[in-house]
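> Whole structure, please, built from the sequences with the hints as guidance.
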Amino acid sequence: MQFDRLKRREFITILGGAAAVWPLAADAQQPAMPVIGFLQSGSPGATAPLGAAFLSGLKEAGFVEGQNVGIVYRYADGQYDRLPALAADLISNHVAAIFAGGPPAALAAKAASSTIPIVFTSTDPIKAGLVASFNRPGGNATGVAFFAQALVAKKLELMHELVPNAATIGILVNPNFPGTAAEVADGQAAARAGGMELQIIHASNDDELEGAFADMEKWRIGALVVSGDIFFNSRRDQIVALAARHTIPAIYEWRDFVIAGGLMNYGTSVTDGYRQAGNYVARILKGAQPSDLPVVQPTRFELVVNLKTAKALGLTVPPGLLVAADEVIE
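The opening position of the sequence shown corresponds to residue 861 in the numbering used here, with each subsequent residue numbered one higher.
One thing to keep in mind: the hints can contain errors.
Said to hold, decoys possible - Here are the simulated SDA-like pairs of lysine to any residue, each with C-alpha atoms no more than 25 Å apart in a straight line: (1) K1171 to A1120; (2) K919 to S1151; (3) K1078 to L1173; (4) K1014 to H1062; (5) K1078 to E1057; (6) K1014 to G999; (7) K987 to D941; (8) K1146 to R1160; (9) K1168 to S1151; (10) K1078 to Q1059; (11) K1168 to G1082; (12) K1078 to R1052; (13) K1171 to S1151; (14) K1078 to Q1098.
To be verified - Label-pair restraints from in silico Cβ distances: (15) G1071 to Q1157: 29 to 39 Å; (16) Q1157 to V895: 23 to 33 Å; (17) P909 to V932: 42 to 52 Å; (18) V895 to T1176: 45 to 55 Å; (19) F994 to A921: 13 to 23 Å; (20) D1097 to T1028: 19 to 29 Å; (21) R1105 to E1057: 15 to 25 Å.
Just so you know, these hints were derived from the structure itself, not from any lab.
Note that the structure is predicted; figures quoted are calculated from it, not measured.
Where is the CB? At the ideal position from N, CA and C, for every residue including glycine.
Next up, the structure:
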């Protein structure tokens, strides 16, 4: 009898030990939370609405930061030479995928890895060598293509309509931005076709921005097209303030400039593009291959006009322009 009680006690001890091990074994079998690398060419503050749109796209597909996906953020603050090191740092964090915001970030991510899935927002990704084609990207990258540089002719046309007496129209570009050469070429061709005098103005840091606007006043620039560059977006409040101080009517790529007090913008919805990019990253986390996901090409363009700014600049917005606008800020 005593022997049977001893055996029972040993059995219960073994059973209890096994029960304690089973939860640990079950935990060990749980998949680790995937981590996304978020590489942004701009600054955290200036691109905050875009980051929110990216998270919205992830959420639509079932991923919520901190719940079932982690995100490691890295920002270049418009200083593109920092991007290769930031991309390498993300890779060292063993990320499952990289989101790259803007052409410079996309190029840095692509150069850093040929295997980690990359989802980008970029201009002309074929020419940049990011993808083989829009429909079948190939390789490890896909994303959303914007038409920032291709829209320069339309922006010049809109500025000419708004400021018909401007003898010279300027284009503010960043020489370090990958799409600058193409944008300048398109702008020069459009200016020749429209009989406009064009002045190319370069700026790639804060000091050069201040000097560029001072030069515009000396050169009697009557209207300005600001390139759709991430560095400029990171400095949008500064640029809008400089344009107001030097009384230069300007058109921008993104709506955020007009909300900040800029005169006018024309371009694709970058916010929606970031939402779509977030959705693509989610699909990759679920097993999709970048090579099989076609590059998204937005077809909707928005024109926003700030009447308060127009009045401050002494401009009368033509009725046709107001009718064409998707939004008028008064």
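> Take the hints in turn and mark each one as holding or not.
Structure-based check of all given hints:
no.: 1; hint: K1171 to A1120; verdict: holds (16 Å)
no.: 2; hint: K919 to S1151; verdict: holds (23 Å)
no.: 3; hint: K1078 to L1173; verdict: holds (18 Å)
no.: 4; hint: K1014 to H1062; verdict: holds (21 Å)
no.: 5; hint: K1078 to E1057; verdict: holds (15 Å)
no.: 6; hint: K1014 to G999; verdict: violated (33 Å)
no.: 7; hint: K987 to D941; verdict: holds (21 Å)
no.: 8; hint: K1146 to R1160; verdict: violated (28 Å)
no.: 9; hint: K1168 to S1151; verdict: violated (47 Å)
no.: 10; hint: K1078 to Q1059; verdict: holds (12 Å)
no.: 11; hint: K1168 to G1082; verdict: holds (19 Å)
no.: 12; hint: K1078 to R1052; verdict: holds (23 Å)
no.: 13; hint: K1171 to S1151; verdict: violated (50 Å)
no.: 14; hint: K1078 to Q1098; verdict: holds (19 Å)
no.: 15; hint: G1071 to Q1157: 29 to 39 Å; verdict: holds (37 Å)
no.: 16; hint: Q1157 to V895: 23 to 33 Å; verdict: holds (29 Å)
no.: 17; hint: P909 to V932: 42 to 52 Å; verdict: violated (20 Å)
no.: 18; hint: V895 to T1176: 45 to 55 Å; verdict: holds (53 Å)
no.: 19; hint: F994 to A921: 13 to 23 Å; verdict: holds (22 Å)
no.: 20; hint: D1097 to T1028: 19 to 29 Å; verdict: holds (26 Å)
no.: 21; hint: R1105 to E1057: 15 to 25 Å; verdict: holds (23 Å)
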